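Protein chains: 2
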Amino acid sequence: MQEVDAHIERVKKLIELEAHVELKEFINDMNISDVAELINEFVQYTLYLFQLLESQRALAVFRILDLSNQELLLKSLPPNIRLKILNELPPDDRTALLSELHSNAVKDIIKDLNPEERKITLSLLGYPEESIGRLMTPDFIDVRLDWTVEQVLTYIRDYGKRSETIDVIYVTDENGKLIDDVRIRNILLVDPKSTKVEDLIDGRYISLNVNDDQKETVNVFQMNNRVALPVVDDTNILLGIVTIDDVLWVAEEEYTEDIQRIGGTEALDEPYLDISLMELYKKRIVWLIILFLGELLTISAMSNFESEISKVVILATFIPLIISSGGNSGSQAATLIIQAMALDEISIRDWWRIMKREIKSGLLLGGTLSIISFTIINIWHFFSPVFGDHHWRIAFVVGSSLIGVVLWGTLMGSMLPLLLKRLGADPAASSTPFVATLCDVTGLIIYFSFALFFLRGVLL
Amino acid sequence: MQEVDAHIERVKKLIELEAHVELKEFINDMNISDVAELINEFVQYTLYLFQLLESQRALAVFRILDLSNQELLLKSLPPNIRLKILNELPPDDRTALLSELHSNAVKDIIKDLNPEERKITLSLLGYPEESIGRLMTPDFIDVRLDWTVEQVLTYIRDYGKRSETIDVIYVTDENGKLIDDVRIRNILLVDPKSTKVEDLIDGRYISLNVNDDQKETVNVFQMNNRVALPVVDDTNILLGIVTIDDVLWVAEEEYTEDIQRIGGTEALDEPYLDISLMELYKKRIVWLIILFLGELLTISAMSNFESEISKVVILATFIPLIISSGGNSGSQAATLIIQAMALDEISIRDWWRIMKREIKSGLLLGGTLSIISFTIINIWHFFSPVFGDHHWRIAFVVGSSLIGVVLWGTLMGSMLPLLLKRLGADPAASSTPFVATLCDVTGLIIYFSFALFFLRGVLL
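From first to last, the protein sequence lines stand for chains U and C.
Heads up: take any position in the first sequence, counting from 1, add 112, and you land on my numbering.
Heads up: take any position in the second sequence, counting from 1, add 112, and you land on my numbering.
Since the list gives no way to pick one copy over another, a pair counts as held whenever it fits inside one copy or between any two copies.
Derived lysine to aspartate or glutamate pairs resembling EDC-like cross-links, with alpha carbons at most 20 Å apart:
1) K533 to D462
2) K472 to E382
3) K305 to D254
4) K472 to D386
5) K468 to E382
6) K327 to D357
7) K305 to E262
To be clear, the hints were calculated from the coordinates, so they are not data collected in a lab.
These numbers come from a predicted model, not from an experiment.
The shape of chain U in the complex, shown without the other chains (with noise of 0.2 Å):
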């Protein structure tokens, strides 16, 4: 980090004293990496900067640019530069590109792709969002049962350039239908020219669906040790691979998209700082909003015990407490068995194994809290006689009121991912402060029912 901060300060410099020559010669003498989170850094620039560039690490600082310096570059640079870079960018990620920005701006962009670039674009923006096929390249290399390594070998030297990836190589039949796959590895350990394509396959490839949910391939790509995974149709014909690079991002949106449900918001779909005001509220409000009417609830129940509280007002103290520690409860519970169904440690058959653990948790958990409360509030009645002579029995609601409000957040933050996903929901929409809500109203309820039946006769 210090490296990149000294790296701004040269440039700024450099850029103050136009001097060109030097500043071209020290961004490309940087890592594409630090060039690029450089240009980001000088919005301003941007354009000058990457015109700096020499046009084959234009290219490597271009794909990892952010989102809206990739749009303003497309713009702004001439339509010659534009189209070179559009044409060497990957398939998979020009694809990736071109469905985050405008539509309008793709329709230009397509138009200016060279006619076989075009299709492939096409054909892979045919695909659902969230499918393999999106994610996937069609350059690959893909070699017959009867070669000879020798053959493999120089095959790859004449085409290997345009392909994504050498580091796996797929074994096809005429009519490209998928055979297997070989490691460029096992290629390199035999001899070049005894060795047929067809004495290194095993018969036991991991393939991967074009239609399939694109959250499946990072579990593939952990359990299967590979850099690259062959992506075929319901006829195994070999239409592209993934590579695991794209894979990286794909977890990390999956985890952002959980992240932002579980703490109550809309999946923002671009960085924090670049999504307009009006998207930002937009996704916030509508949980807020349903909230909210859920809240509602708690005053229709806190109407039924408006006598109860005008009589003992020091019941409406505890209010907040108690129907707090059942919403803690309750999100710590959900926010575990959320993450837990995301890395498939557990799954609804299971349902009965994690009630039964997590009512002996809340029994605990709620023991705990009742018993620090006991312990306070009697002890506090001796500085400050606020809850008046019956402090003990005050004490006594409260305590066995959180146990109940305690045990039952749990329940709830437990079964209500598993309910959603039963339904075909995502767990994750079972947020924190949606599980929160629940345990207010019922936990209004609960320690009103305790009061009732503790302090009639008494207090009440």
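Using the hints provided, position chain C relative to the given structure of chain U.
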């Protein structure tokens, strides 16, 4: 998934029929990931199923089994087979396994390693828990500047079997200092006889320091499009490499910790169903007690307003609605900011831009809820005059409190993660329940202050 279920059915029947030969044939024909899933499913047959596997496949399956099954197998397998598995595990996987096992089990196992393996394992174990050193494998291919590509290919053929990956080859000097890395594609694309290693390097390698934090690696891999990165010490000597498939697991662990912290619980180090009830209790109760003690402040806050509540009991009715609206908007803001920080979209320097955005957002969000509540209270009054004659005054107090509380919650939620980061703490520790608790206390004060201001002389 249906395929796996079909496998499970089949294996169940074969076990019942004691058809060992068919069973052996069947599971040796499956993908290793399916076999692993099968073994994880049939815990009581772990040892039996595992011993049916051919020796090379057994190793591959072992690597991806659940930790509890790995531990079980290490304990129950005959010593010679256990030794074989441990000796053949890639060092990074073995280190990961050993650091998860109970320390007594580890001692027994390390004792069994051959001296060379033990040395590697212990040296790997010397690096801090979350450092890159724990992730690296010392099995890589390094070559010299003056070798021809033909020499390199011969060297790979002789020593490549032992290497974790040959997708990238490293160039070092005679002291083992890293000079550059070369992708295998670049080696395969040139004429082997006339090209030397020095013709292939460009000096633009990216390396990791052995003491760096593992979190950093995910970003480095995303930005640089590599499948493996070299690990060096402070004097630039090449110690090992980190492969991208290991990074997928690091990313998953990071996100899981973040999500669990945001949900208000200590990060679990084990799968939900594997962790003992007491461990689960300990991880959860700490935060619940902290939040509970924080929530006790609401009692102090409320007791200041006891006389107001006794005069206008209806005021108590709105307490849950008001404070939870603050908590919900605070949770949203905290989640968005924590996540944007995790993705490096924002940094502490942006605090003023964020604050300006959140003030605007808070006013918009609070304003919307305020209008809704004002409308609902006045409509409600038509059907049930629970709010009395002063319903519009009450509506005004509630509405204006909502703007104040939501604005305050939004500001707290967005600034707290930044503050924690500034103080060197984990921003994710400002969990949604934590923010909600802070908003409860302040929300009460805001609400009753507005009530006093607008109702003094009328109802109070």
